[in-house]
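**Q** In the numbering used here, the protein residues as written are 1 to 434.
Hints are supplied without guarantee of correctness; some may be wrong.
In silico lysine-lysine, DSSO-like type, Cα no more than 27 Å apart, as pairs [unchecked claim]:
{"#": "1", "residue 1": "Lys237", "residue 2": "Lys247"}
{"#": "2", "residue 1": "Lys3", "residue 2": "Lys28"}
{"#": "3", "residue 1": "Lys172", "residue 2": "Lys237"}
Read the hints as simulated data drawn from the structure, not as lab findings.
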Amino acid sequence: MMKTLITNGTVYTDGALTQQDIFIVDDKIQAIGQALSRFITADATIDASGLLVTPGLIDGHVHYREPGQTEKENIHTGSRAAAHGGFTTVCAMPNTTPTPDTPERIVDMVRRNQQTGIIHIQQYGTLTHGLDSEELVDFAALKDSGAFAFSNDGSGVQTAGTMYDAMVEIAKMGTFLAAHVQDNSLSRNGVMTAGNRQRELHLSGQLPESETSQLARDLMLAEATGVHYHVCHVSTKASLDLIRWAKERDIHVTCEVTPHHLLFNDEDVQTDNPLLKMNPPLRSRADQEALLTGLLDGTIDCIATDHAPHTAFEKAGSMQDAAFGIIGSDFAFAVLYTHLVQTGKLPLDLLIEKMTTGAATTFHLPQIGRITPGYQADLALFDLNQSWTISRQTIASKAMNTPHLGERVNGLTMQTIVSGQTVYTEANGFTEKE
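Construct all of the structure, not just a fragment, from the sequences and the given hints.
**A** Quick look at the structure:
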């Protein structure tokens, strides 16, 4: 039995930041309170003086590219990047090669995640075989084999009947469907959101209605089926308006927003820059402002990175030809703290909530996301006063495709604890599995 005491930290618990100690026995939180060292003898003590202690961050949307695309990232490097950023649980999307669309492939993915990941990794199964087909998977068999939820992320389901049938089956199992909402007939192979900046740069434009029209369809289907319908990387004001309306009707809908849609808009695309190419694309300034409002008023349930690693070759040249997506695991908390909290746009406690408790609730993840007795001892310790530069030397991901490269930010991960075990410290790096 291993007993660990974390002392003198500013702890986020029950929605508030207070000076508390945390007592951990093996992999569970045993107690929280003040001056616990007077009553408890621990095998190890961590002095968190001057540090913020949060539940381990939770990311409901990452791409680890294994199997089949490991030149971009793999489970081991992706999980190290997450741990470096203070994440202790991530949910891996299924757009690998091959896709995990059979029980055997789900079993293989779960085995890979457990063997080589250094944090908790939940595995999505696909909705349809090969992502872009209309043939539904055997949802019950995939769930029994280890899929925690289902998504075709990277591809919108183009046929309403297919989406309806998927919702009916998923609703029976009490899990959820995470949707990449994109009507291909309206996205028109666009690489930027359609608008003035797109036209100035002579790049192909993606209509924002590509997102909102399919979202409207799916919300009606979700109401009809009763499924928990989760909207990935919401990006427009109109989409948020639809989600607010749906929640008022008690449709079981949740949504996430990415750091890049909160921090950038299409006006930031000053040149043909592939590092600012993602899908959904950066939207207008009005959309960006609406997303922040959606966080503040509770319409948006959580923040997810959509960590999408690519090789340097794939992100070179023109946006017209480069791959979609950017990374975010290593520095999501730091960039949001720097640009939103320190500028007074977002309270610190709300940022933490959207990256911990809110995410755990959204993604049906029990016994994590809170610092409370009986919960998993998954914790992150941050030094909010410590600045650091996002660089090739400070990113643990295999990939470097981010517009934040070279940026100075505040909020350094000092220690990441998973199931009571330290997996990363700023001083000593990563603790690998034996």
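**Q** Keeping to a limit of 27 Å between CA atoms, is the pair of Lys237 and Lys247 held or broken?
**A** With Cα atoms ~15 Å apart, Lys237 and Lys247 stay inside 27 Å; holds.
**Q** With a cut-off of 27 Å on the C-alpha distance, tell me whether Lys3 and Lys28 pass.
**A** 10 Å, holds
**Q** Given the hint that Lys172 pairs with Lys237, test it: the Cα-Cα distance must not exceed 27 Å.
**A** Not OK: Lys172 and Lys237 at ~32 Å, beyond 27 Å, violated.
In the structure shown, a violation is registered for the earlier hint numbered 3 alone.
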